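**Student:** With chain A's structure known, arrange chain B on it following the hints.
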Amino acid sequence: MDSALIPEGVKRCSLWKFLLALALVGAVMLWGVYAMLLCWIKGLNQTNMNDYYGFALWIWADLAVIALGGGAFFTGLLKYVFGKDQLKYIINYAVLIGFICYSSAQLILGIDVGQPLRGWFIFWHANVHSMLTEVAFCLTCYFIVLTIEYIPLALDNRQIQKVPFFANLTHNMHSAMAVFAATGAFLSFFHQGSLGGVSGVLFGRPFSFREHILIWPYTFFLFTWSAAAFGPSFTLFVTWLTEKITRKKLVKDEVIHMVAKISGWMIFTYIIAKSIDTLYWMFATAPSQGLQWSFFYQNNPLYGKWILFTEIIICGFLPGLLLIFKATRENPTTRVAALVLGIVGVCLNRWVMVLQTLAAPVMPFDSWVMYIPSWQEVATTILPITYGIILIMISHRYLPIFPQERELNPIDTPDAPEAAELPEPAPAVVAEGQSA
Amino acid sequence: MKQTQSQQRPKRYGMAIDLDKCTGCGSCMVACFAENNVSFKQDETNKLLSITWLRVYKITNGKPFPDTEVCYVPRPCQHCAGQHEGHSPCVSVCPATATDYSLYTGIVSQIYTRCFGCRYCMAACPYHARYFNWWDPIWPEGMERSLSPNVSPRMRGVVEKCSFCFHRYQLARDKAYLEGKRPIREEEYQTACTQACPSGAIVFGDLNDPAHEVYRIVQPDPDNHYKARNPRAFRLLERLGTNPKVYYLSSREWVRRAGDNYLENEAPGTIGAPRGAH
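Same order as they appear, the protein sequences are chains A and B. Position 97 of the first sequence, counted from 1, bears residue number 97 in the working numbering, the numbering being contiguous throughout. Position 118 of the second sequence, counted from 1, bears residue number 118 in the working numbering, the numbering being contiguous throughout.
Hints listed in this document are in silico derivations from the structure and should not be mistaken for laboratory results. None of the values given here were measured: they were computed from a predicted structure. Incorrect hints may have been included.
Covered stretches of chain A (in silico footprint by chain B; criterion: 3 or more residues with CB under 8 Å from a CB of chain B, positions within the stretch not fixed) [claimed, not checked]: (1) 9-22; (2) 75-82; (3) 159-170; (4) 288-296; (5) 361-368.
The beta carbon of each residue, even a glycine, is placed where N, CA and C say it ideally should be.
So here's chain B without its partners, still in its complex pose:
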């Protein structure tokens, strides 16, 4: 299988989320839960202990009524590449190589059976996209039968996170291999959240493939750490040098400004990576 991959150009799977289209309905979160066997507790009121691979944040422009504007920001794992490919904040710090960066897909993986639960990756991730299993997963009676057989449930004491539905990539890859080692088509590998979004706010695909919609929307610049050429597009905390693969789109400047930290005199989108970032 590796041979097939090495014969093809590396993929760079990524996502574009149009925040002007997102209604905050939460379908993406629900789809993610069901698709990835994400465990839950009877009481999920403490969000600091809830596992939500994809979490929808609600942000406002801070203005009083009637000028108040609201925006919903779905936040999956950003699958950061870092300033040189593979130097993600989390991958670079994991002491046991339990999280890894695929140069074939650009996806940051999590190896549950190798993770020993030190949580250094959680401390490293500025997006809070990583979750620890503080409890054993306990499913309501009978629900075990509805779990996805393609995703291993996680045990207590390990970290988990969004995998860009990597099992779907594996299935698509196997199918393409069996059908004459052809490339994976765009529609064959889509994440659950992308398909569940009723307003079509999420677009997923290969950021290296000009034929893919996500490429056409984002127009990534490979010479500038894949910064978007589309002026509507931005990435969360781009200045930290994390080089994420999840892009957000908005026509509202206050939303774009909310995607990163800026000094008072700075305008969004004009700032490069910070000094010293790796």
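Just chain A, with the same shape it has in the complex:
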């Protein structure tokens, strides 16, 4: 029924199957929307946040999706500025994932603030000394850049391209994309960094406070670095997931291997820098505030030394090395394992920088406070995930997101759009054959 909208030369599942999947994800999304409305109408008393946990699950989710969405700016930087042309086969998807991540972050922030209608005050009454102000400005600007990068993808739909104006607009926007990619990379450096700065400047919180280079704490640079390192890993992981769900090979292995190698080296170098930062904090910064580093990892039910070991060794050095070595990088199992570990690692880092910072007591007569999110917080955190899945489903079905898809999945039937109505093929064999 919708075959006229589907790109030529590719196969898609039947419309009813697509709509059914859409309805299932949409139902979960509605649950999230309900929770979001509760928070807006009844207030943040719907959450389990309290006066010790002003920041909680949402801010973690915010930081995590922005780090994971870092694949968009870094892939764009590599392709358009450093001339890694092979990346053109995955850049569309990186942009789409980035667009989803950043729009999700905006949505989460919209729910998180106590007075959402005053959100514009951050621009109007801006305090230029606040890291959050820098986050707001750069995040908004970069989201606009991502929207500009996503528009030509959306306009690439077969029917829209029949309109000469849109065809020309798409062509011209594609031509100018290098400028936007460079702008995006510049903005990302600052907003990723300032998100790290949000916790790094808290000189009243010895767990997260870091010393500075000029006005920027070390976490500023570590956050940018980690987003550039783990963002591409997330892009690769979502690509792998999409291939498994659609049962098609969508991107050639040489492209995957290239991105994995870059991500591996970025992770490895990042985790060395992170280790140095941690050691300096352990033996210089924290003691200067009268605290042994071990204080932050004891006398509480959750935050032990295991979390440090997991973040740095298991989810840092290990995935970095797995992606650096050719044998493990080109083995799908170890590669995907490395991607998952890396994603867990960066999410864990964001968690401790937000949640453990607030959990640890600062006044000697205070105590650790733990936190479990309410269902409303969980639902509203799942909400952007469902929105992302829906946007990926629609984009994948109607837009030529993967330029190599047609080549990797040739259709025997001469009339491709008709083929789209056929029952789901079993392209797993083809896919495996291609990847071998």
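**Tutor:** Frame of chain A, contents of chain B only:
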């Protein structure tokens, strides 16, 4: 009005709380509630959700009976100045300039109608002196009539905190202005908690004015981030570089030690600001 202020030396309002005198009766908390229209809920058992601009902590020396000693620590907002005047932990991070540092008074203000509830200031404050309005304030029937007309009640979704009863400063300032632009006298501006304390444990005044009692007690050293020269006096978490204006006094060393974090081999009162603190 600004002209009047600029003609005078800047004030530095602060507080000295003698912990050896405090009995933990809670009068200061009650006075603060009533004075500042602090809202409350029917069930206030969860203290992580209770708004208490001034909270009294109970601390002990950790020794078993009969050596157990108890001390009560009233904790209002510390009105931190930071390592350079105005770089308070909370003021420096607020993205919308909804909390501000007055160079005329040293008081950290909170602008409720500008706060959009991001709670970054709460994350920044190591004293937990900032409170979020998780609920709409609902007063028991008839109680609206007893609210103070000088303090605006706060709406849901914004942060609030102790203001050193700033409205009292405004009233005293206006009075002094109308009476010939004279300076505000010490007794004209006192916080509600100071006046309510039955044991006289709280002393409030200008830390820049040697005539004020708080100055004589604390003996602040302006060349050393206003660190107290009085060996009995200390500030909470002084090592973090927050430079607060609330001083505590005690003759008991374990109490002074409880005011900050120390490594095992360190003695209280001998440590300066940490490296890298702004």
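**Student:** Under 8 Å between beta-carbons, do enough residues of the segment 75-82 of chain A, three at least, approach chain B for the coverage claim to hold?
**Tutor:** violated (count 0)
**Student:** Do at least three Cβ atoms from the segment 288-296 of chain A come closer than 8 Å to Cβ atoms of chain B?
**Tutor:** holds (count 5)
**Student:** Residue count check for the segment 9-22 of chain A against chain B: does it reach three with CB-CB under 8 Å?
**Tutor:** violated (count 0)
**Student:** With a Cβ-Cβ cutoff of 8 Å, does the segment 159-170 of chain A contain at least three residues near chain B?
**Tutor:** Check failed, 0 qualifying residues.
**Student:** If you look at each residue in the segment 361-368 of chain A, do at least three have a Cβ nearer than 8 Å to any Cβ of chain B?
**Tutor:** Three-residue rule met by the segment 361-368 of chain A, so holds; n is 5.
Going through the hint list in order, the structure does not satisfy hints 1, 2, 3.
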